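Chemist: Below are the chains, spelled out letter by letter.
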Amino acid sequence: MPKDEKTLYPLDGFKGVIETLPHCKLLGIRFSKVSRGSCEAYIEYGDHLAGDPESGIIHGGVITTLMDTLGGGCVFSLVQQGQSAATLDLRIDYLKPAITKERINGFAECYKLTQNIAFVRGYAFNRDREKPIAHCAATFVIGSVGFSPTVPKGSTG
Amino acid sequence: MSDFFSRVMEIKREGNLEELGRVIPYASFIKIGYERDGEGLIVVLNKSEDNVGNSHLLALHGGVVGALLEQAGIMQVIWECELTRFPKIINLSVDYLRPSLGARDTRARASLIKQGRSVTNVRVTAWQSDPDKLVAAANMHLLMR
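Line order of the protein sequences matches chains A and B.
In this text, residue positions in the first sequence follow this note's numbering: the first is 22, and each later residue adds one.
In this text, residue positions in the second sequence follow this note's numbering: the first is 21, and each later residue adds one.
The hints are simulated quantities; they were obtained by calculation from the structure and are not laboratory data.
Keep in mind it's a predicted model, so treat the numbers as computed, not measured.
Hints may contain errors.
[What the hints assert, rightly or not] Simulated restraints, written as ranges between beta carbons of each label pair:
hint : chain 1 : residue 1 : chain 2 : residue 2 : range
1    : B       : Phe25     : A       : Ser56     : 39 to 47 angstroms
2    : B       : Lys134    : A       : His69     : 28 to 36 angstroms
3    : A       : Thr171    : B       : Ile133    : 25 to 33 angstroms
4    : B       : Ser48     : A       : Pro118    : 39 to 47 angstroms
[What the hints assert, rightly or not] Below 30 angstroms or equal to it, Euclidean Cα-Cα: the simulated BS3-like pairs (lysine-lysine) are:
hint : chain 1 : residue 1 : chain 2 : residue 2
5    : B       : Lys134    : B       : Lys108
6    : B       : Lys51     : A       : Lys117
7    : B       : Lys134    : A       : Lys117
8    : A       : Lys133    : A       : Lys54
9    : A       : Lys122    : B       : Lys134
10   : A       : Lys46     : B       : Lys51
11   : A       : Lys152    : A       : Lys133
12   : A       : Lys152    : A       : Lys54
We put the CB at the ideal spot given by N, CA and C, even for glycine.
All chains, please: the whole structure from these sequences, using the hints.
Modeler: Have a look at this one:
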């Protein structure tokens, strides 16, 4: 899949840029694996992320945010430096309740990239990726509007 | 019946929107509050730099917008329906229509398209300064039993 590595966003570079976006930082989103076309990331559980304070079950919005972030990561791993991406649509199927008070892991891959659109799919899970808690399908518009993870000059990656 | 469910039903009976804004940890963490107008319940994502996911446009993170729409859909069902337990979300499909700025409040309103015995279909729309210029819209299904 890689074209010329030099014209793509450096993998380590954009990962750091995304992790330090205000809302990603707030939720503590961390990328655990980044490759050309797919990404993995996680969010550690915190009581402030609960949708139901009694059960401690995480709010669906946290999963949506993780999946949207992962989708963006997949797109940036494939497009040319300088190109941006904006989420066009995102669908989440909630397959089963999350295990309470546990880290939420996510995986996403870009399974088709055209000049203008990136098609992404992924899932979220607690301990076992074979037993996902949510499935996600999303599309991103590639272009000049939206976010581009330009790495500050002088940083490594 | 869980204590939390009973608490939310009590808040609903009292119509206490301020308290509603406090009881769901994640919703209050991302600064979601509630308002009411002649047409019904409005769920508000208060402006916050912490919710920005695009540092160039200073736009909200798409995930937070999704969270607002989801919360608005669930709350509409809780507000309108006679319930014996919380509805469960089956799925949520969000369309992003315009960038939404972190420096502005975002409002969402939901309506029940079809209320069935087992599944309710909900449509949610969100806007910032102009209600005619939607920033996002969503459809969701909730399991009622």
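Chemist: Check each numbered hint against the structure and report the violated ones by number, ascending.
Modeler: 3, 4 and 9
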